[in-house]
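Given two chains presented individually in distinct reference frames, assemble the corresponding complex, making use of the accompanying hints.
Each protein sequence line maps, in turn, to chains A and B. Here the numbering used here is used: the first residue of the first sequence is 1, the next is one more, and so on. Here the numbering used here is used: the first residue of the second sequence is 223, the next is one more, and so on.
Please keep in mind that the hints were generated in silico from the structure rather than gathered at the bench. Nothing here was measured: the structure is a model prediction, and the numbers come from that model. Worth double-checking, as some hints may not be accurate.
What the hints assert, rightly or not - When the alpha-carbon atoms are kept at most 27 Å apart in a straight line, the in silico DSSO-like pairs for lysine-lysine are as follows:
hint, chain 1, residue 1, chain 2, residue 2
1, A, K138, A, K191
2, B, K417, A, K52
3, A, K191, A, K168
4, B, K397, A, K82
5, A, K52, B, K373
6, A, K82, B, K513
7, B, K545, A, K52
8, B, K417, A, K138
9, B, K324, B, K262
10, A, K30, A, K82
11, B, K479, B, K504
12, B, K427, A, K191
13, B, K479, B, K427
14, B, K305, B, K316
15, B, K397, B, K344
16, B, K449, B, K268
17, A, K3, A, K82
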Amino acid sequence: MSKERETVLAGLANAVVDMDIEAVEMYANKALALGIKAEDAIMDGLAKGMEKVSELFREDIYYVPEVVVCGDTMYAGLEILKAAIEKNKKPAGKIVIGVVAGDTHNIGKNIVSIMLEGAGFEIYDLGSDVPLHAFVDKALEVDADIIALSALISTTRDGMRVVIDDLKKRGMQRKRFVIVGGAVISPAFAKRIGADGYSADACEAVVLVKNLMEYFQRGGNN
Amino acid sequence: MRLLDYMNDFDRRLVFPWMNTIGLRLTGYELYDVYNSTEKQMVVAKAMDENFQSDFIYPLDDGAVLKDTLQSISGYEFPIKLKGATKFAEILSKLTVPDPYKDGRMPINLATFKLLAESFNKPLAISVQGPFTLACEIIEVTDFIRAVIRKPDFVKQLLDFTTEVVSEYCQAVTKAGVRLLCISEPTAILLSPPKFEELVSVRLKRIFDALEPDAWRVLHVCGDTTKHMNQLLASGAEGLSLDQIVQLKEIAPKIPKDVVIIGNLDPVDVLADSTPAQIREKTLELLRYMKDYPNFLVSFGCDCLPDTPIENLKAAMETGRTKFTDF
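Next comes chain B alone, as it looks inside the complex (with noise of 0.2 Å):
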């Protein structure tokens, strides 16, 4: 079943969690306790359920599993600076492809992902950074964007082989019971459209063609990626989520009926700096101008702020559940 097919059996819209850190809250452990343990993970994804009903299990994402793996791995400390004697060929010939089920704490990952899998009645979602955002981690990013100008025979080889970590681990997430894959691709917003498709569209296609079958594909790149809608597109992805600057009511139109569309309350000025009386009111306005889109799903323009007000959160999620018939 597709994303969407799921979503239209519901009699309101369905809401996306998109608030990593606020499980630390909720419990009080720290970021990297949490990484290191699958029952942390679940008291984390337990809390947050109890606290937002959400609709889908949303535990702490493992944003750094990528790079801390792969620099154990190579020996370097991350980022790369590229300077003038930089051995392009040095630096890839020492990145290996890590296996997500023996080295660094992929493994403690893909337990978490099959345990929350199996205690959960709702769909396991989880984020992980695409290939372009991760090689931005290894090398330094404003040397990496230099290196697409100057160097792009090193970008692209750096970019097949991120592209093939990504793939790896992802496709071994979704083995291990995750529903909605999110790849997340912020650094990717730099790049002109024509180098968007060239350098990260076609990858993410690769990415997303081999995971499990019944895996959503979702993507996610930050800033105004209006003009790149053709590129975000050409991805493969069966759902698109935008960040607050897009305006879904201009971009909605242009989106194919079967890519949900995923957004956008602003989590600065909208979650964390006004009160839940007016984040009622943003949230049901965005549910009435997008009322005309059955492959529309609510979320936040991006990830909220770790101290983003509980009650903000909860007024958000709250409202995003009203029924069709209630607004």
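Isolated chain A, as found in the complex (with noise of 0.2 Å):
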């Protein structure tokens, strides 16, 4: 990697941490200047700069005011990015995302987003407190491969038990996954309302999704 390229890969990864938006802002149009790969940038940069941001807040160094900002921050150096992503590329895949009825906590849902954007996932984010049927409703209208559900109080997470309920009426055509996420989910609770996956964290989320998305590679649904 070139001194340049490595510079700027950092420069957009310490913007990020520091939630210093002129400098992600710069960074971003610096790596494009460069000919850095817009997906490179946002992965290399962006990405590693959450993932930083997530580790700060694992320590309890961050805390949540932190976390929206820096999140900010990367959105910031994410519209330049993605401007210049080729237009005609194939997504990834396609999924719905959300904040289960009930809930209006959408910090960890947005990151999860964001760093799923990043990776090349085509993101249909319905945003927080979203009726349960609107989770499909949309999966089907988009032909959705993964619904993403996330709570962050208990009283509103069986509503997830709903969507996956929901799903398996409707969504026959095809096999479409749903995986769930915060505050309150354990793996247990993951398993015991029949969901395809759970995720701790952000970075995890990603990591899911892509081991998900081989069913799909290997010929699921073909």
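Put into structure tokens, the structure is as follows:
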């Protein structure tokens, strides 16, 4: 890797960690000017920064306000880089994502959404407090591969089971996966409600989604 | 008399009935009908007392009173989204501190507290939103926590305002006869300990310091507050209500002996999803491992779910009252 490329990618990552929007925009533009592929700048720059943010969050150095603002910073860089991604490049997969009804906490979901978009997936973000039927409605409308559900309060997590049951009833045309996450979700809970996967954080979510997508790459549904 | 002194006059633990909406199921009333009626609050309080023989009278908390009153005074639709062009000074200028004796449902609530305090021979307890949580109802929560980093002066000014709102109301409710005042700051757990101290602890202390001298000052913060313990204590609360995630065994030795530890049966896994027999066992387990702490008061980690079976709640309340000699 050239020194200049290395500096730009590190600059993108550090700008995200430092919550510095001016720097992230500057490095995103510089990356494109240097001919660095937008996908590389996202994954090796912005996403690396978010991985560091997740680490700081796990170590109780960053808390939610810092994580949210780091996420905003990453978005600012993403906006510039996304415009340069090849227009007709096939997305790595389609994902419908949202926070289940009754819950307005959208921070974790936003981070997962950003990371998945950076990893090349086409994201349909329904936001927070999403009516349960809307997940399957959207998945059928856009022919999504995966539905990603988030919940941060225990009283709303049972809504996830409703979405899974709804998909079983209405989404039989082909295999679609449901993954779950959020502060009140455990692997045991995910298993109990019949989810296809669980991730504890955004980085794990990207790995999980890529693993699930291998099912289609291996010819699942064909 | 402090809460701890009151507790120590008993030959068993006291039990705090953290079950806000259960009275609606017992009476069949609708939420806002009760908010707006002193008489209906009285019926709810009686039904709760008859069913659970709690150590405190805990009516249906009007959790929306501060937000609803501020909304009607300011003309804003809450929560306000902070956009690029938001005029922060304009928001602050439209917010004025309500008069608890005149504005919104506050006078109804004060009349209710006075009636309840006079009608029962048990301490009256209520919960009021804290200034940080109220600020997150005025400003959309994600925008507000963004502003904690990006607009710290605005955040401090808004928190000074919400602190005054909460303080004025809390002074009036304790004058009306509320004995145990629990300030709930669920959203403040989003902050790091230093930010919690800077933005929340100092303001809670201001509120607690202004209360009637014989009011019992309790603080509840949801989530794992283990790392925030010094900040909770810095608020000046004489009782800390701790979420079920907090490991009482580990945290209890770190809490001063004159601060009451309140908690922390799990409202979901234990109260909602277990049988009465399992709940009795879990409650006894809690009593046993906290037996060396005279400053312990039995409660739930947070408000119970609205559909928690009544028999489950009875099992927890009855077992919580087991005499020291019987477990």
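Practice prompt. Quick one: which hint numbers does this structure break? Sort them smallest to largest.
Written response: 4, 6, 7, 8, 12 and 16
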